[in-house]
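**Q** Chain by chain, the residues:
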Amino acid sequence: MSTLINENLIDLGVDLKTKEEVIDHVAVLMNKDGKLSDKAGYIQAVRDREAEISTNLGDGIGMPHARTNYVKEAGLVFLRLNNPIAWGEEAPVRIVFGIGVPDSAGDLHLKILAQLARKLIYDEFKQKLFNASSKEEVLALINEATGGLVQ
Amino acid sequence: MKLLGVTACAAGVAHTFMAAEAIANAAKAKGIDMKVETQGAMGIENRITPEEVAAADAVIMTNDIPIRERERFVGKKIFNVSSTDCIKSAPKIIEAVEEHCK
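Each protein sequence line maps, in turn, to chains A and B.
Quick note on numbering: the numbering used here labels position 8 of the first sequence as 8, and the sequence is numbered without any gaps.
Offset between the second sequence (1-based) and the numbering used here: plus 151.
No wet-lab data here; the hints were simulated from the structure.
It is possible that part of the hints are untrue.
Rough simulated footprint, nothing fancy, chain A against chain B, three-plus residues with beta-carbon under 8 Å [what the hints assert, rightly or not]:
no., segment
1, 156 to 164
2, 167 to 175
3, 184 to 197
Here are a few chain A residues that sit away from chain B, every Cβ distance over 10 Å (derived from the structure) [to be verified]:
no., residue
4, Leu16
5, Asp24
6, His25
7, Gly41
8, Gln44
9, Gly60
10, Glu73
11, Phe130
12, Lys135
13, Leu139
Using 25 Å as the maximum straight-line C-alpha spacing, the simulated DSS-like pairs for lysine-lysine come out as follows [unchecked claim]:
no., chain 1, residue 1, chain 2, residue 2
14, A, Lys72, A, Lys39
15, B, Lys243, A, Lys126
16, A, Lys128, A, Lys17
17, A, Lys119, B, Lys186
18, B, Lys227, B, Lys181
19, B, Lys243, B, Lys153
20, B, Lys179, A, Lys119
21, A, Lys128, B, Lys239
22, B, Lys179, A, Lys111
23, A, Lys119, B, Lys243
24, A, Lys126, A, Lys111
25, B, Lys153, B, Lys186
26, B, Lys153, B, Lys179
27, A, Lys128, B, Lys179
28, A, Lys111, B, Lys186
29, B, Lys186, B, Lys253
30, B, Lys181, A, Lys119
31, A, Lys111, B, Lys239
32, A, Lys119, B, Lys239
33, A, Lys111, A, Lys72
34, A, Lys126, B, Lys179
35, A, Lys126, A, Lys17
36, A, Lys126, B, Lys181
37, B, Lys186, B, Lys239
38, B, Lys186, B, Lys228
Keep in mind that this is a model prediction, so the values were computed, not measured.
Built from N, CA and C at the ideal position, the CB exists for glycine as well.
Let the sequences and hints guide you as you build the complete structure.
**A** Next comes the structure, spelled out in structure tokens:
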């Protein structure tokens with residue numbers, strides 16, 4: 001059983017216009033769910049990481065993330081935007097995986113994220129994420145992708 | 152042909168594993184035997200053995216951050232690519248390496 005992601009960390013149908021707004025929204029959801037020790041610190045860490053190399057994976061998916069002690073407990077946010085937004089030079093982003101991991105993250109959380117990352121290179125899985133119609137469906141897809149480690 | 156891969160990235164959380172999966176998958180699609188070691192936040196996984204190094208034709212490495220224990224691959228043909236290139240153009244990378252090793 002993992003608390004990495006739950007329905008509070010999923011938002012389908014959000015109106016956001018910029019990458020910065022997306023990162024802020026990820027931080028708001030994580031903070032509400034008690035994942036962060038310092039929201040502003042987490043936002044800065046994600047922005048810094050993003051400035052190094054864009055986390056736009058192409059194919060409409062962005063994965064802003066940070067491994068920092070401003071995160072108390074590992075969290076995974078899933079957002080689907082109403083309108084795709086510009087994100088660096090790659091294709092516009094419509095699906096966002098926001099990740100926060102503390103420096104001392106346990107292996108279970110890292111393992112889940114690693115498995116999810118591996119699945120994200122497959123078109124079939126991505127398509128299912130684009131088409132998911134409910135939070136339950138998103139959770140089920142992520143659970144399936146990570147070998148049942150999430151729920 | 153036998154290929155090896157080693158992937159790593161700044162946070163060691165996502166790109167390391169996407170790059171590993173993408174490159175291994177691209178090799179598999181072409182019927183090429185490839186083992187990929189990941190150096191992520193959980194440390195070195197799927198570690199490459201000295202025997203595997205000896206038998207390999209080439210090694211594809213990500214260059215986002217320094218690869219640990221890189222000295223294991225001294226004397227091998229090494230191709231440096233970014234993890235994002237691996238994720239976005241793995242089939243092209245495999246083709247280029249294959250061409251180079253002919």
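**Q** Any hints this thing doesn't respect? Which numbers, in order?
**A** none
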